[in-house]
Amino acid sequence: MLTDDQLAARIGPRLRAELAGLPTPDMLAALRRRRARRARVTTAVTTLPVVAAAIAAALVLNEPAAPAVQHAQDTAYVDSHVTQALDAVPAGTISYLRMNFALHSDVTVTWDRGPARLVETFRAGQLVFKSGTAVTSTTMTSVYVNYQDRTWHRSVMRVGPPSAAARPPAISCDNARQLGIPGDASRMVTKLRVLVSCGMLKADGTATVGGVTAIRLTTPANNGFTTAWYISPVTYLPIREATTWSGRLLEENDFQWLPPTTANLAKLNLPTVPPGFTQESTSACNQSPGC
Amino acid sequence: VRDNPEFEAFVRARSGSLLRTAVLLAGDYGHAEDLLQVALLRTARHWRTARAAPQAYVRQALVNLCRDRWRRLKARPRESPMLPGSSDVPMVAGPAELGGAEQVLQRRFLVQALSRLPAGQRQVIVLRYFEDLPVAETAELLGISPGTVKSQTARAMAALREVLGDADGINEHTQEASNAH
Chain R
1 MLTDDQLAAR IGPRLRAELA GLPTPDMLAA LRRRRARRAR VTTAVTTLPV
51 VAAAIAAALV LNEPAAPAVQ HAQDTAYVDS HVTQALDAVP AGTISYLRMN
101 FALHSDVTVT WDRGPARLVE TFRAGQLVFK SGTAVTSTTM TSVYVNYQDR
151 TWHRSVMRVG PPSAAARPPA ISCDNARQLG IPGDASRMVT KLRVLVSCGM
201 LKADGTATVG GVTAIRLTTP ANNGFTTAWY ISPVTYLPIR EATTWSGRLL
251 EENDFQWLPP TTANLAKLNL PTVPPGFTQE STSACNQSPG C
Chain B
292 VRDNPEFEAF VRARSGSLLR TAVLLAGDYG HAEDLLQVAL LRTARHWRTA
342 RAAPQAYVRQ ALVNLCRDRW RRLKARPRES PMLPGSSDVP MVAGPAELGG
392 AEQVLQRRFL VQALSRLPAG QRQVIVLRYF EDLPVAETAE LLGISPGTVK
442 SQTARAMAAL REVLGDADGI NEHTQEASNA H
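Line by line, the protein sequences are chains R and B. Position 229 (the first sequence) corresponds to 229 in the working numbering; numbering is contiguous. The number in the working numbering is simply the position in the second sequence, starting from 1, with 291 added.
None of these hints come from the bench; they were simulated from the model. Only a predicted model underlies this, so the values are computations on that prediction, with no experimental measurement involved. Keep in mind that a hint or two might mislead.
Below, computed lysine to any residue pairings styled on SDA-like, alpha-carbon distance capped at 20 angstroms [stated by the list, open to error]:
hint, chain 1, residue 1, chain 2, residue 2
1, R, LYS202, R, GLU252
2, R, LYS267, R, SER142
3, R, LYS202, R, ALA85
4, R, LYS267, R, VAL128
5, B, LYS441, R, LEU7
6, R, LYS267, B, ASP423
7, R, LYS202, R, SER80
8, R, LYS267, B, SER308
9, B, LYS441, R, GLN6
10, B, LYS441, R, ASP5
11, B, LYS441, R, ARG154
12, B, LYS441, R, THR108
13, R, LYS267, R, THR133
14, B, LYS441, R, PHE122
15, R, LYS267, R, GLU280
16, R, LYS267, R, PHE122
17, B, LYS441, R, ALA8
18, B, LYS441, B, ARG452
19, R, LYS267, R, ARG154
20, B, LYS441, B, ALA430
21, R, LYS267, R, SER281
22, R, LYS202, R, ASN222
23, B, LYS441, R, ALA9
24, R, LYS202, R, THR75
25, B, LYS441, R, LEU2
26, R, LYS267, R, GLN6
27, R, LYS267, R, PRO23
28, R, LYS267, R, LEU127
29, R, LYS202, R, GLY224
The task is simple: from the sequences and hints, build the whole structure.
Here it is, written out as structure tokens:
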């Protein structure tokens with residue numbers, strides 16, 4: 001018999017699973033049809049076509065302009081909104097980062113929430129590595145699964161204060177542009193925040209990212225390298241970062257900001273080891289890429 | 292709608308999840324789609340206000356529209372707002388290993404159980420456990436006190452247990468569904 005808490009924890013995921021196959025109609029097209037129908041009815045019932053036209057015009061004019069996209073060339077406006085949006089990200093938000101490397105076929109997907117993290121690496125569309133980290137007040141457990149070699153490794157470490165050597169370098173105005181991709185959404189956001197506060201990004205119009213018109217912020221070219229950040233015009237949070245060298249795309253990093261729902265938190269569970277995989281010792285694991 | 296890329300981006304990103312919430316609140320797919328369209332048009336009209344938190348704005352509009360609809364239906368007793376076992380919600384495609392309409396139907400048993408709850412209880416369950424809203428936010432959205440949210444939740448949980456029979460079954464089905472995805 002489940003307790004109320006257990007039952008409550010299962011209701012959300014179960015409902016999501018039951019509705020997972022629900023078709024999603026093209027809502028924008030439906031809204032336009034609905035508005036058009038409404039406009040036709042308005043025209044039909046009115047005795048004065050001029051008045052009908054005025055009503056229709058008023059309906060159109062009432063559509064607010066898109067302030068974010070209007071300000072796509074206004075660096076100060078965009079910078080201030082990006083900073084506000086980054087400050088307003090609720091604690092506990094799960095950051096999702098998908099790193100696409102243009103020079104080879106690897107794709108790395110990371111779910112990150114504080115010290116808890118799950119990383120999957122795909123090569124030519126196949127899952128090749130998966131690693132997860134879970135942290136309690138006293139221990140940090142990591143599980144690493146190598147799907148190519150059919151091996152796995154688990155380590156449990158006592159948690160202590162990080163040594164200065166283990167800490168990543170602080171991001172500042174001096175090094176923000178030189179620092180490579182940290183591969184960690186929170187570090188990337190810190191880097192964006194520094195770039196914005198140091199005035200290193202310039203609002204550079206809009207671009208379409210995943211079907212969404214995003215605001216583009218770019219850094220001036222540095223030894224041929226250029227970085228562009230694409231900002232959601234709705235949330236002002238980054239949705240993509242792309243690095244190019246002499247006009248050639250090197251890397252593309254896509255972000256999502258996920259609420260800590262039960263289903264999203266489940267993404268951070270330590271990986272399960274498929275049956276038949278061999279456990280490796282720490283030394284053998286250290287020889288393995290990504291371990 | 293046409294000239295507001297910000298709103299369009301929001302609709303593209305969120306209409307799927309909002310439709311699912313609308314289906315659970317309204318109880319059938321057709322009405323849910325209709326109510327969501329109206330809620331989105333209201334949001335577009337008030338975008339200057341809504342743009343700070345558009346999802347919350349649409350959610351509030353949906354709750355209000357559903358409430359209006361139930362009130363109208365109360366005055367017309369021949370119609371039922373929530374038909375138990377309604378097949379209006381399109382069935383999800385069952386995986387090959389499950390197969391068979393019966394098992395596919397089983398996969399929607401919690402949606403059906405929810406549809407048998409009174410409107411108030413259904414709203415708190417949808418908002419608290421499907422939308423993952425805290426008690427205070429649920430209370431604010433529904434215009435009731437946090438205490439009422441808690442008592443409605445407790446009643447709904449008791450009713451769901453009764454409807455579902457063996458509550459442990461939800462675990463098996465959840466596991467089954469997550470394995471299937």
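- prompt: Are the Cα atoms of R:LYS202 and R:GLU252 separated by 20 angstroms or less?
  reply: With a Cα-Cα distance of about 19 angstroms, the restraint between R:LYS202 and R:GLU252 holds, given a limit of 20 angstroms.
field: Pair hint R:LYS267 and R:SER142, alpha-carbon separation not exceeding 20 angstroms
entry: Within the cut-off at roughly 15 angstroms; holds.
- prompt: Does R:ASP5 lie within 20 angstroms of B:LYS441 when you go C-alpha to C-alpha?
  reply: 13 angstroms, holds
task: Could you grab the alpha-carbon distance between R:LYS202 and R:GLY224 and see if it respects the 20 angstroms cut-off?
output: Holds, because 17 angstroms separates the two Cα atoms, which is no more than 20 angstroms.
- prompt: Are R:LYS267 and R:PRO23 close enough, with their CA atoms no more than 20 angstroms apart?
  reply: 24 angstroms, violated
task: Would you check the hint for R:LYS267 and B:SER308, treating anything up to 20 angstroms between C-alpha atoms as holding?
output: Holds. R:LYS267 to B:SER308 sits at ~18 angstroms (cutoff 20 angstroms).
query: Does R:ASN222 lie within 20 angstroms of R:LYS202 when you go C-alpha to C-alpha?
result: 14 angstroms, holds
message: R:LYS267 and R:LEU127 were given as a pair; does the straight-line alpha-carbon distance stay at or below 20 angstroms?
response: 15 angstroms, holds
task: Would you mind confirming whether the straight-line C-alpha gap from B:LYS441 to R:ALA8 stays at or under 20 angstroms?
output: 12 angstroms, holds
message: Holds or violated: R:LYS202 and R:SER80, Cα atoms, limit 20 angstroms.
response: 12 angstroms, holds
- prompt: Would the pair R:LYS267 and R:GLN6 pass a check requiring their Cα atoms to be no farther apart than 20 angstroms?
  reply: 19 angstroms, holds
20 angstroms Cα cutoff - pair B:LYS441, R:GLN6: 16 angstroms, holds
Hint violations for this structure: numbers 11, 12, 14, 15, 21, 27, all remaining hints satisfied.
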